[in-house]
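Chemist: Since chain D is already given, all that's left is putting chains C and S on it; use the hints.
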Amino acid sequence: MLRLKLCVLAMLAALSASSYGEEAPDGARRFGQGGKPSEAQIAEWRTRRAAQNGSESAPAAAAAMPHRHDDMPAAAPAGKPEEAGHGPVWPGGMALGMRGGALWLSDTPPMRGEGGRGGMRASGMAGMEMGGGHGAPVTKRVWLRSGNDPLKSGFAHDDAEAAVESVLVTPRSKPEGEPLPAADGHKGLSFEMPAQGFYRLYLTSRKLQGDTLAVAVAKMEVGNFTHDGDEDEVAAALQAPRALDSAPLEIVRERKQDEKKFFQLKSGDEQAFFVLQKGLPLQGARVRFVSHQGWVKEGVSDEMGRVSFQLVRDYYPPWDEFQKRFKATYLVIAETGSVESGSFNGQPYSGVRYQSTLSGNYYPSPDDYQSYAWGLGIGMGMLMFCGVAVYLYRRRRVKPYREEHFDEQH
Amino acid sequence: MNSTKPRLQALRDAVNHVQFNRFRFWFQFAAFVLFVYGGYISINLGSHMPFFSCGYNQEGRAGVCYLLPLQHQLGQPWPRLFGMAGIAVLTGFLMFALWFIVLNKGWCGFVCPLGTLQDWLTALRRRIGIRYSTYSQGQFAQLTRVKYLLLALLVLIPLGIGGGLFSHNMSPPFCLICPARMILPMFTGDFSQFTVDFSSKTSMIMTATGVSVMSLFLVGSFVKKRFFCFFCPMSALHYLLSKPALLKLKKDGSKCTRCGDCYNVCDMEIKEIADDVRTANIMTDDCTLCLKCVASCPEKGALQASFAGIPIFVSTEEGFIKRMGKGAHHGK
Amino acid sequence: MENNGKVIPIHAEPYGRSRQAGEAQDVLSHLVEDFEDNPASMQYFYDLFRRVYCHGEEVPHRGMLVGTTCIQAPEELIYAFGATPMRLCNGSYHYDQKGADFMPSKSCSLVKATLGMLSAETQIPKVGKPDMIVNPTTCDQKKKSSAMIGGMGYKVYDLEFPNVKESEASRVYWQRSVRQFAAELRTLTGRKLTRKNLKAAMEKTGRAQAAFRTLHNFRRKSPSLLLGKDAFLVTNAYFFDDIERWTLAVEKLNEELAQREKAGFKAVQSKAPRVLFTGSPPIFPNLKLPLLIEEAGGVVVADETCSANRMLYDMTAVDEWLVNDMVDSLADKYLKPCTCPIFTKNEDRKRRLLALMRDFNADGVVYQAFAGCQVYEMEYRSVAEEFNRMGIPMLYVETDYSPDDKGQLSTRIEAFLESLKNRKKQRA
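Chains as they are written, first to last, in numbering that gives the first Met the number 0: chain D, 0 to 409; chain C, 0 to 331; chain S, 0 to 427.
In short, the hints are calculated from the structure, not lab data. Note that the structure is predicted; figures quoted are calculated from it, not measured. Among the clues, some could well be false.
Per the computed footprint, the stretches of chain S lying under chain C, defined by three or more beta-carbons under 8 Å from a beta-carbon of chain C, are [to be verified]:
no., segment
1, 197-209
2, 314-320
3, 323-331
4, 351-357
All residues carry an ideal CB built from backbone N, CA and C; glycine is no exception.
Looking at chain D on its own, in the form it has when it is part of the complex:
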């Protein structure tokens, strides 16, 4: 009996060790240096990608390899993603490998990149309303940033040559949206969110670069929900169309069947995106997923325009600095080009390069800091301890006036 118990304890200990306690040491946070994900993981990625891409496995497999930004031969000369932010003007580099960086919309301004403490309301309350905050509609502020690394992208700078237009689609607007006044430098764009539902902001910039027209669409999707709001409104919002037919290129996050209004992505999750051109799936678009720390993975959209990435865990602070509500930002960049001629502002062009971005947030996975094994272990240990203690107490201690016990079993 005792041996059995010891066995169980040992197993529990082993289980717990495997589920937690593997904080990556400093310097081992990057792929391929002994940190996560493992070689096996990478191999799995490769095969999955290969399978997805069918016969054209060789280039696809190469593209599917996770790599650091600065390992890429086509990256900026200095090879450092942070330098992307110092690009001269926006929308600087549109295409992969050009200086500058992608143009994208973020709900956090630069330099606050070390993780916000967002999502408190949703996670802390276990989905409960708090009372208060029922007054005026929430105003959402977003910033236009440029760069290929969420952590290091600076504000996008004004570019006189580019033609910029912003469209906001709200739960109450027409499906084609309404124009929003242009961005005002560092103050960002802001809009009110009077109704529950998803608000989509599209900022499209067109600029001629040589004989190529560069079209960049930065997209942002913001969910605005309250805890005690109208249920029908929520249901409608979850059903509403999520793409803009007029967008030259657009990325739509795939929403899973069971997603609720306060859905949060967790690191480690598999997330798919659709690339749409004028509302139709686009096959063969090159899609890059950039994690909060700048880890990049590339894929090519399939015939459904779908491409899937794992939100790799890249948050490894020392234990006492760990924040379970750490808000990380990912960035997805899709690109495609086409040979078409036309004229822009009176200048002719012979090709168009499309780029679209979508950013979003994800949070540490509970698996990274919560341990079932420990919970079960402590629970079982305590249960056994209390059970035995009570048993022995009742068995051995001759309570005054209770010396006579009667056998209940007969």
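Modeler: This is chains C and S only, laid out in the frame that chain D set:
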């Protein structure tokens, strides 16, 4: 008028002679199903439930235990709490009070899923044939205070969090150590609360304590009837509001023989129920208003449950004989 | 010699000719013949007493016989161990005189009679020699008789009983006593206490109690359906009769009373003063006082004595039908509601009396104290004060088993009943 009177009397007799334990079992069962699974059929009774309809049971809950929003509300930053949000706290409390007033502590004895669960554990022990434990009077006098201490902490710690004195990871402090947080979601297949959170030292201590308390709860309520209710801060909060409540437990001391039958069946070991012949409003702070005392009182009209002044369940000799006779035939 | 000159022809059996049989026969014939319209189902009890007390017939019992000297000995436990309890408290003047050898002359007749019976060659009722006598340590006289009974060659078990009942300590102490008593019974009988046999025993007494309560409730009716002397005879039979047979007989009586109620029967005149009887217990054949009251036109509607109401009224509630819980619940029943005057406080007794006055619509109280029964004598004052305050008339009678004071008592009782009648008239 004359024809309705005997019919009303017949109804009253039927109620007073009811097989009370069986009635209560099914009532509790129904309430358990409602509040643990009601959410699946879109029942939502709000977040001011005066009992442990645990909010962490996100899928199945049909309402949320008021202690959860209360702690969150009190944990807001002070400028907000003592400003506009304060009004929300007060209206929330008022809503809670309105719910509470209807059944008084009857929420504990008849509706609370955690209470029901303890009764089931008790039934399990009884089936196995293990005698129950009791506290001595001395232990009782000490333990009965614990709930007030917990209630005070439940208010003060969130205030401290709002004031920046404590870590946010401590919020909501009581829920983190409440066994309902782990046990009730389990009934909808959600084991996610069964973890120890290593994200910070505070979280780790709180969640480890929570798991330990849950184990203690299981063992405790197995050997001791309504083990947790002695320590329940909700019970303490109830007692502070119980004066205007509609459901009341009343005692007519002149009819009482102090035979102690009520004390004998009392899950909470409340001695006053048998010995106090002066107080008419006999519900004490530990009482769960389970009304077992009324069912086990052989003196007509000595104990009664009344709703808004109307007697709804009165002790009778016939009812007693029927119930105890039945009891003698029942069981293993 | 003490037959008041009345010679009753009885069967020519050796016992039957004894003074003792004569005493019983005398009381029984008064009980039966002085009243008209005795319930037909009372015949069982009349016959029982005639057979046992007048003819000296044996009462068969099952298993071992455990004598009890007081109602505080939990009879359910005795039944559970397959033994039969038998209440030894005796009401015979003959035994009272015999018992005077053991006790000071100014002692309680009941205790003396019990001792007298136990020391006698023939013991009436003839149930047999007890295998053990349980003697709860209640009043001083019963306490002291323990050693004397032991000296007569009986096995005596002193069941420790607290003097205070309000405190939790005494409750726990008593629960322990009862547990130890159960252990003692286990050694005596060699049987085990199980859930099954204890439950069966509790059902048995529970049914008897339920029958008693029904009878008790019939006595609330005014005018009465049943006389107090019959009620006392019924509860006295519980001392020695087989419990199941007794229960059946009482249930039959209840049926008859129900019919009487339907038929609008009156056992007494509507104006008959209703009397609540309290104090020292009337035990056959010492039904002197109740008989005098009812012969004088009053009716005893309720009582607060340990030979009737206090013995059978209070019922046990059990939460979990497990042995440990059942035993503790039983212990509680035997201590907590008890209104015996041996306790330090008598608040419960006063409250019980007032409740009985109210519920049974009684006009006055007759308080019997056996000469030498100090606790009842001492409690008289506080009870009288309480009744005075409530404006309830009370007659205090200090007496014993001797029939000598019958004439004097009869005058006092008649006067008391007359005053009650007048009061009633004035009120009306």
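Chemist: Output the numbers, in ascending order, of every earlier hint that fails for this structure.
Modeler: none
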